[in-house]
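Line by line, the protein sequences give chains A and B.
UniProt numbering puts the first residue of the first sequence at 1, with every later residue one more than the last.
UniProt numbering puts the first residue of the second sequence at 1, with every later residue one more than the last.
Treat the hints with caution; some may be incorrect.
Stated by the list, open to error - Far from chain A, some chain B residues (derived; all Cβ distances over 10 Å):
id, residue
1, T12
2, H13
3, E36
4, R132
5, D166
6, R365
7, G400
8, D416
9, C430
Stated by the list, open to error - Here's a subset of chain B near chain A, in silico, CB distances under 7 Å, partners left out:
id, residue
10, P31
11, Q127
12, D236
To be verified - Chain B regions said to be covered by chain A (calculated; three or more residues, Cβ under 8 Å):
id, region
13, 72-84
14, 210-216
15, 350-363
16, 374-381
Don't read these hints as lab results, they were simulated from the structure.
Glycine included, each C-beta is placed from N, C-alpha and C at the ideal position.
Number of protein chains: 2
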Amino acid sequence: MTETKQQESPKTHRAVRWHPPSYDVRVEDVPFPKVEHPDDAIVKIALAGLCGSDLHIYRGHDVITKVHTSGHEFVGEVVALGSNFLAVGGEQAASNGRPVLYSTLKVGDRVVSPFTVSCGECRPCRQGFSSRCARSLLFGSPALEGGQAQYVRVPYAGGTLFRLDDIKPDLATESRLTTLADSSLLLLADILPTGYFAALQLLQHPKLLPLLGGNPYPHTTLALSNPVGEAATSKDLLSIALIGLGPVGICAVVSLLDLLWKNGISYYRIIAIDPHEQRRNLIKAIYNKILDANPTLNQKSTFEAVDIETAKQRGFSADNAGFDGVIEAVGNTSAISLAFDLVRPFGVITSVGVHQDQPLPMPGRALYGKNVSLDFGRCPVRSVFPLVLDLLVRRQDVFGEVGTETSLVDRIVGFDEAKVYYDLFDKGKCGKVLFDPWK
Amino acid sequence: MTETKQQESPKTHRAVRWHPPSYDVRVEDVPFPKVEHPDDAIVKIALAGLCGSDLHIYRGHDVITKVHTSGHEFVGEVVALGSNFLAVGGEQAASNGRPVLYSTLKVGDRVVSPFTVSCGECRPCRQGFSSRCARSLLFGSPALEGGQAQYVRVPYAGGTLFRLDDIKPDLATESRLTTLADSSLLLLADILPTGYFAALQLLQHPKLLPLLGGNPYPHTTLALSNPVGEAATSKDLLSIALIGLGPVGICAVVSLLDLLWKNGISYYRIIAIDPHEQRRNLIKAIYNKILDANPTLNQKSTFEAVDIETAKQRGFSADNAGFDGVIEAVGNTSAISLAFDLVRPFGVITSVGVHQDQPLPMPGRALYGKNVSLDFGRCPVRSVFPLVLDLLVRRQDVFGEVGTETSLVDRIVGFDEAKVYYDLFDKGKCGKVLFDPWK
Ligand SMILES: NC(=O)c1ccc[n+]([C@@H]2O[C@H](COP(=O)([O-])OP(=O)(O)OC[C@H]3O[C@@H](n4cnc5c(N)ncnc54)[C@H](O)[C@@H]3O)[C@@H](O)[C@H]2O)c1
Ligand SMILES: NC(=O)c1ccc[n+]([C@@H]2O[C@H](COP(=O)([O-])OP(=O)(O)OC[C@H]3O[C@@H](n4cnc5c(N)ncnc54)[C@H](O)[C@@H]3O)[C@@H](O)[C@H]2O)c1
Ligand SMILES: [Zn+2]
Ligand SMILES: [Zn+2]
Ligand SMILES: [Zn+2]
Ligand SMILES: [Zn+2]
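Turn these sequences into a full structure, and let the hints guide you.
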C-alpha cells in the first residue's frame with residue numbers, strides 16, 4: 001500500500017462478462033481499467049455481489065447488445081486516482097467546495113461504492129437524490145463496466161465512493177466497524193440501503209404519520225405552527241404489508257422493524273409475502289432472532305410470513321380496509337397489483353422493484369377511489385449511507401454472517417463458479433452469492 | 001328561527017334532478033326530505049354550487065340509471081335534527097365521546113357541508129381522512145340526494161357539518177367572518193379545500209422538503225434526532241407546474257402561493273397550464289391582484305400561465321430536468337401524461353382530478369426511472385376545513401367577489417335557469433355558477 005498516485009499495472013484482469021442476448025455470462029480476461037478523467041478512481045475489488053437486479057439484464061429484459069462486465073456491488077481498495085484528488089502524494093488540500101473526498105481520498109483507502117455513480121455536486125445530489133444524479137451511471141451496464149471483476153473504474157469518485165475510515169456515527173460504531181467483514185460491508189452497495197429506503201420512504205409519508213404518534217392528517221407545520229408529532233392522538237394499530245422476500249425484501253423488513261422500534265412503535269401488524277416457502281422461512285427465522293434481542297416488544301404485535309392467497313385473506317378480514325402501507329420489492333406487474341389490492345384507502349405504496357414496459361395495472365378511477373399514494377424508484381444509496389451504516393453495525397446478528405440459517409449472504413465463491421451460480425440464483429436455488437475475484 | 005326540534009313541513013320542494021343517460025337535468029318538485037336516522041339533519045339551502053365534478057355524471061361518464069337530485073356543494077341553515085342531537089330544545093348535553101356537534105348543533109344554526117358525508121368516528125375519520133370515511137356518501141349521487149334543491153338530508157350530520165359559528169381561529173378572522181357572503185362560504189364545500197389539499201399534499205411530500213428550507217433528503221426525524229427543517233441547505237429554486245385552471249386549479253394556485261409565502265419561500269418558478277386562453281387570463285389577473293397585496297415578494301420569482309405546448313418547452317428548457325412538483329387538476333389521461341412529462345426525477349405529482357377507467361399512461365419502467373411519487377384522490381374536506389377557512393377569510397379579494405374580472409364565482413342564478421347553465425358550463429362558456437333555490 002502506497003500513498004502516491006500510482007497504478008498497479010497488469011495488462012489485463014479477470015471479469016464476469018455478460019453476452020447478448022440472454023443467459024450468457026463468461027469469465028474473461030479484459031484490459032486493465034485506466035484513469036480516463038481527473039475525477040476517476042481505480043478500485044481493486046475485494047468482494048463483488050450477485051444481485052436480483054443483475055437478473056434483469058441476465059434474462060435479457062432490456063434490449064442490450066453490448067458485451068460488458070456485470071455487477072454493481074463491490075467493496076475494495078483504491079489503487080489509483082485521477083489528478084483532481086489533491087491529497088495524492090500525501091499533501092492535504094482544500095476541496096474548493098467540491099465533495100470532501102477530492103481532498104482526502106488516498107491510494108490504499110478502503111471503500112464501498114453505491115451501485116450508481118453520483119457526482120455530489122449537481123442539483124439532485126445536493127438535495128439528497130444521488131440515484132438521479134445528473135451524471136448518473138449504473139455499474140454493470142452498457143454505460144459503465146461493472147464490479148464483478150478484479151478492478152473497476154469509478155467515475156466522479158469523490159462524489160460516489162464512501163471511505164470506510166470516515167465512519168464514526170458514535171464510538172460504539174467506530175470500534176465495531178474495524179471488525180466488520182467485507183461480506184457485511186458489501187451489503188451497503190445496494191440491497192441494505194434499498195431495503196432501508198423502502199421502509200423509510202413508507203414511514204416518512206405524511207399519510208402514515210398519524211399512526212406514528214403524530215396529529216391527524218394533515219398535521220402540518222407548513223400551514224400551522226404546531227409541530228408534527230406533538231400529540232399522539234391515534235391509538236390505531238399500524239399495519240404494513242411487504243411483498244417479495246428476496247434480499248431487498250428481507251432488508252426492508254429488518255429496516256422497518258428498526259425504524260418502528262426506534263420511534264417507540266412496538267404495536268403493529270406486519271405481513272411479509274412471498275410465494276417461496278424457503279424465503280418465508282428465512283424471514284421468520286430472522287424475525288425471531290432479532291425479536292429475541294428485543295424482549296420489550298408489545299406482545300400484541302403480529303408478524304406473519306405468508307403466501308399470496310393468505311395475504312389477500314388477511315388484508316380483507318381484519319378491518320376490511322387493507323394495510324396502511326405496502327412495500328413492493330419484486331418488480332413485476334402482479335406484485336404491483338397485489339400491492340394495490342392490499343392497500344387501504346389513503347394508504348401508501350412504496351415500490352422499489354425494477355419494472356418493465358407494461359403500464360401500471362390500476363385504472364385512474366381506482367387510484368382516485370382509494371386516495372392512494374405511490375413512490376417509485378431507485379435507492380439514493382449515497383444519500384442514505386450514514387443512516388444505513390448505523391443499522392448495519394447494530395444488526396450484525398443478521399448482516400454479519402455468511403452461510404448460517406439466518407444469514408442474508410448464502411456463500412462466497414470464486415469466478416470459476418460464476419456461470420454456475422448465475423444459473424442457480426436465476427432459478428431461485430440459492431440465496432445471495434458474493435464473488436471473491438482472487439479466489 | 002327556533003331552538004326546538006322541528007321540521008318545516010311543506011309536502012314538496014324544488015330540486016335539480018339528473019336523468020339518465022346524459023345531458024338531461026330537470027327542475028322538479030320532489031318529496032320533502034325526512035329525518036331517517038337519529039344522526040340526520042335537514043338543511044334548508046341558501047346557495048348550491050354547480051361544479052366541474054357534476055359534469056362527470058351530467059355527461060354520462062359513470063353508468064348510472066337512477067334519477068337523483070344533483071349537486072354536492074351547499075350552505076344553509078339547520079331546520080330539523082334527529083334524536084341523537086342532544087342540544088335539541090336548548091339543553092346542552094355531554095357528547096358521550098361522539099363528535100361535539102351531536103351535543104351542540106341546534107335548529108337555526110348556519111352550516112356548510114363537505115361534498116361527502118363523514119361520520120367523524122371511524123378509523124379514517126379519526127386519522128384525518130374524512131373523504132374515505134367508512135360510511136362515506138357523496139351528495140348528488142345515486143347513493144344520496146344532492147344539494148341543488150331547497151332542502152337536503154345530511155346523514156351523520158354531527159360528523160359531517162361544519163357550523164359557521166364555531167369559527168374562531170383568531171380574532172381578526174372571527175370578526176370578519178360574520179361579514180362573509182354565502183357565495184364565499186360555499187367555496188368551502190369543495191373547490192377551495194380541494195385546491196388547498198392539492199397544494200398542501202404536494203408541498204408536504206418529503207421529496208419537496210429540501211426545497212422548503214429543510215435538510216437534504218431523507219432529512220428525517222424518524223431515523224435521526226435532528227429535526228426536519230432545522231438547517232436550510234438548499235438555495236435551489238422551487239419549480240411547480242399546475243395543470244388545469246378550472247375553479248379547482250385556481251384554488252390550488254392561490255393556496256400554493258399562500259403556503260409558500262407563509263413558509264418564507266418567495267423565490268419560485270410557477271407555471272399554470274390550460275388550453276383555454278380565458279382561463280389563463282383569469283389566473284393571471286388573480287395572480288397580479290394578490291401580488292399587489294404582497295409587495296415583499298422576490299422579484300426573481302416567475303409565474304406564467306401558458307398553453308400545453310409552451311409548458312412542454314418551459315419544462316425542458318430551464319434545467320432539462322423538469323418541475324419539482326406538478327399538480328393535476330383536470331381528470332383525464334392526457335393531463336396525467338403531461339404531468340409525468342413535466343415532473344423532474346424524484347419529483348412529485350399530486351392529482352386531484354377525477355379519473356375514469358383507463359390505466360395510467362406511464363409504464364412501470366418510466367416511473368422507476370424517474371423516481372416519481374404520485375398522490376391521488378378525493379379531498380378530505382372536513383379534515384382540512386380549519387386550515388382552508390383561514391385562507392378564505394384572508395383572501396376575500398379573490399374568494400369574496402361575484403361577477404368581477406377576477407372572481408371565481410361567475411354568477412348566481414335561480415333554478416329556472418339551471419338547464420341553461422348546465423349546458424353553458426359544460427361547454428366552458430361560463431365560470432362557476434351558484435344556484436339560489438329561492439330566487
Ligand atoms: N430500487 C432500487 O434501487 C433497487 C435496488 C436493488 C434491487 N432492486 C429491485 O428490487 C427487486 C427485488 O430485488 P431482490 O434482489 O430481492 O430480488 P429477488 O428476485 O431475489 O427477490 C424477489 C422475490 O419476490 C418474490 N415474488 C415474485 N413475484 C411475487 C409476487 N407476485 N408476490 C410476492 N412475491 C413475489 C420472489 O419469489 C422472490 O423471492 C428487483 O426488482 C430488483 O431489481 C431495486
Ligand atoms: N379530488 C377531489 O376531491 C375533487 C374535488 C372537486 C373536483 N375534482 C375534480 O377536479 C378536476 C377539476 O375540477 P374543476 O371544477 O376545476 O373542472 P373544470 O372542468 O372546470 O376545469 C378543468 C380545466 O382543465 C383544462 N384542461 C383540460 N385538459 C387539459 C390538459 N390536458 N392540460 C391542461 N389543462 C387541461 C380545461 O380547459 C379546464 O379549464 C375535475 O376532474 C373534478 O372532477 C376533484
Ligand atoms: Zn444489487
Ligand atoms: Zn450529481
Ligand atoms: Zn364540487
Ligand atoms: Zn367516518
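*Evaluate the condition: distance from the CB of B:R365 to the nearest CB of chain A exceeds 10 Å.*
5 Å, violated
*Cβ separation check - B:D416 to all of chain A, threshold 10 Å*: Since the minimum Cβ distance to chain A is about 34 Å, B:D416 lies beyond 10 Å and the statement holds.
_For the region 210-216 of chain B, count the residues whose Cβ lies under 8 Å from any Cβ of chain A; is that count three or more?_
The restraint on the region 210-216 of chain B holds, since 5 of its residues have a Cβ under 8 Å from chain A and three suffice.
*With a Cβ-Cβ cutoff of 8 Å, does the region 374-381 of chain B contain at least three residues near chain A?*
holds (count 6)
*Whether B:T12 stays farther than 10 Å from all C-beta atoms of chain A, as the label says*: At about 34 Å from chain A, B:T12 clears the 10 Å cut-off, so the statement holds.
*Beyond 10 Å from each Cβ of chain A, as asserted for B:C430*: 26 Å, holds
*Per the stated criterion, does the least C-beta distance between B:D166 and chain A lie above 10 Å, as a non-interface residue requires?*
17 Å, holds
*Do three or more residues of the region 72-84 of chain B come closer than 8 Å to chain A, measuring C-beta to C-beta?*
It is violated, with 0 qualifying residues against the three required.
_Under 7 Å is the threshold here; is the Cβ of B:Q127 close enough to any Cβ of chain A for the hint to stand?_
4 Å, holds
*asked:* Does B:D236 hold up as a contact with chain A if the rule is Cβ-Cβ below 7 Å?
replied: 6 Å, holds
_The output says B:G400 does not contact chain A. Does that hold with a beta carbon cutoff of 10 Å?_
21 Å, holds
_Restraint check, 7 Å cut-off on beta carbons, for B:P31 near chain A_ = With a minimum Cβ separation of about 31 Å from chain A (threshold 7 Å), the hint on B:P31 is violated.
Violated hints for the displayed structure, listed by number in ascending order: 4, 6, 10 and 13.
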